[in-house]
Amino acid sequence: MKEEKTLQVNAIKDGTVIDHIPAKNLFKVIKVLNLGTLIDTVTFGSNLESKKLGKKAIIKMSNKYFDDEEINKLILVAPQARLNIIKDYQVVEKKQVKVPETILGIAKCVNPKCITNNENVLTKFKVMYNKSVDLKCLYCEKITDQDHIVINS
Amino acid sequence: MKNRSLVSIEDYSKEEILRILELSEYFENNQNQKLLENKVVAMLFYEPSTRTRLSFESAVNRLGGRVIGFSDAGSSSVSKGESLKDTIQTVSKYSDLIVMRHPLEGAARFASEVSDVPVINAGDGANQHPTQTLLDLYSILKTQGTLNDLNIFLVGDLKYGRTVHSLLIALSHFNPVFNFIAHPRLQIPNEYKIYLNELGIKYYEHTEFSSIISKADIIYMTRVQRERFTDPVEYEKIKDVYVLKNSMLDNTKPNMRILHPLPRVNEIDIDVDDNPKAYYFTQAKNGVYTRQAIIASILELN
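Residue numbers (this note's numbering), protein chains in the order written: chain A, 1 to 153; chain B, 1 to 302.
What the hints contain is simulated information worked out from the structure, not anything from laboratory work. Don't be surprised by glycine CBs; every beta carbon is placed ideally from N, CA and C. It is possible that part of the hints are untrue.
Unchecked claim - Quick list of in silico lysine-lysine cross-link-like pairs, DSS-like style, CA-CA up to 27 Å:
#	chain 1	residue 1	chain 2	residue 2
1	B	K215	B	K277
2	B	K193	A	K136
3	A	K113	B	K277
4	A	K124	B	K85
5	B	K159	B	K193
6	B	K14	A	K136
7	A	K126	A	K108
8	A	K124	B	K215
9	A	K94	A	K55
10	A	K142	B	K85
11	B	K14	A	K142
What the hints assert, rightly or not - Here chain A is said to cover these stretches of chain B; the calculated rule only asks that three of the stretch's residues, wherever they fall, bring their Cβ under 8 Å from a Cβ of chain A:
#	segment
12	21–33
13	103–110
Unchecked claim - Listed next, with one range per pair, are the computed distances between beta-carbon atoms:
#	chain 1	residue 1	chain 2	residue 2	range
14	B	I270	A	D147	44 to 50 Å
15	A	R82	B	Q225	35 to 41 Å
16	B	Q225	A	E119	24 to 30 Å
17	B	D72	A	K136	27 to 33 Å
So that you can see chain A by itself, here it is in the shape it has in the complex:
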């Protein structure tokens, strides 16, 4: 199994591998983690077979490491994601997404009449994680469910 993976997406020497991303959310993950600004090699594979997720995606980033706060942003788009920290081709640490209590500024509130969609106000949500991830706006109190989450650009 492991061998097969390295065949599909090349191994990296140092950096981070994010695995178990739902394939349809690959580009959302790229957006949430702001991977477009990286300068070192980034490779990704999508629509890979996964027993857990059906189709999954994987991203490998050379010389990039994330802090916990960044990782927790993945709760919105890839709650089951696993991060492998690679040093000299070896996995030296594994990290998983933890459910943060609140999410600041990443997603948009679904309510067009919410103050955050009309004035320059950073969004703030309480995370409700129960099978799916729903966000309760701490301003207008409306719930944005997982299917309607829009990531701020």
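Please arrange chain B on chain A, whose structure you already have, making use of the hints.
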């Protein structure tokens, strides 16, 4: 409650709600008090609401305070494009307390975060109107002698009516039974049913008035707004189904009282007004005492 904003009814615990109601009774018996002397209250009404504004102004005046502010956004710096944040930060330098009505949901929470002084939410869009809820509770307490174990009927627009939603949450502290009477399109949203289920509170849904109202302790009427229906024919058809008439009250309980947040259109027939069970105008009067109590407790006046 000292120096704490009141944005949502959920900001207050059961004990804090009861404390406000106790103070409301005090102000009903001692209405004119010079507790707010030398204090300035800013009233920022970004959309017109004559009733709420006058009720607050009356409360401040009866406490001996002064009022500054505006009663619609057109006559304020908003029309020059000032942000809410800038307005609030400025006004909080001029005043000891801000009372705000705003058409956008969440505006009051945001204002409370950027303001130096406490903010009372006098309505933010379809979201919250906690002082209305507290005056509703005071009215229920006064007419029933208790808030516990009551059978509460909520009628009309239960889907969009914010007063109904906040009242439901506040009453959930007191072991009520709810009966909802509404057109299928205007029924109570699922999230509130889930909320009641979690708390084990009983509720029943009906699509029209029936003899069931003989069980009511409180009938809380709300306005069904024309704007809620895309098809005007449908509105015309249903608008008369949810009208309460005097003849329907014959078999209701002697302690039953009819409440309405006002303004009313036609959902309570005027022939009900003279029935001793009609309580909505006294309810409006209770609003002044309740708001006196809220202001006094936030500013910790003795």
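Self-check item: C-beta pair D72/B, K136/A: status relative to the range 27 to 33 Å that was hinted
Solution: Cβ of D72/B to Cβ of K136/A: about 31 Å, so the range 27 to 33 Å holds.
Quiz item: Is K14/B within 27 Å of K142/A, Cα to Cα?
Solution: 23 Å, holds
Practice problem: Check, residue by residue, whether the segment 21–33 of chain B contains three or more positions whose beta-carbon lies closer than 8 Å to a beta-carbon of chain A, and give the verdict. | Solution: violated (count 0)
Quiz prompt | Pairwise hint evaluation, K108/A against K126/A, where the allowed Cα distance is 27 Å at most | solution = 13 Å, holds
Quiz item: Quick one, are K124/A and K215/B close enough, alpha carbons at most 27 Å?
Solution: Answer violated: K124/A to K215/B is near 43 Å, above 27 Å.
Self-check item: K14/B paired with K136/A [C-alpha distance capped at 27 Å]
Solution: 23 Å, holds
Quiz item: Measuring from beta carbon to beta carbon, are R82/A and Q225/B in 35 to 41 Å?
Solution: The hint (35 to 41 Å, Cβ to Cβ) is violated, given that R82/A and Q225/B are roughly 50 Å apart.
Quiz item: CA of K142/A to CA of K85/B, is that 27 Å or under?
Solution: Given that 27 Å is the threshold and the Cα spacing comes to 21 Å, the pair holds.
Exercise. Starting from K215/B, check that the Cα of K277/B is at most 27 Å away, please.
Key: It holds: about 14 Å lies between the C-alpha atoms, which stays within 27 Å.
Practice problem: Decide if the proposed pair is consistent with the structure: K124/A and K85/B, CA atoms, cutoff 27 Å inclusive. | Solution: Roughly 16 Å separates the two Cα atoms, so the pair holds.
Quiz item: At a Cβ distance under 8 Å, does chain A reach at least three residues of the segment 103–110 of chain B?
Solution: holds (count 7)
Quiz item: Would the pair K113/A and K277/B pass a check requiring their Cα atoms to be no farther apart than 27 Å?
Solution: 38 Å, violated
Of the numbered hints stated above, those contradicted by the structure are hints 3, 8, 12 and 15, listed in ascending order.
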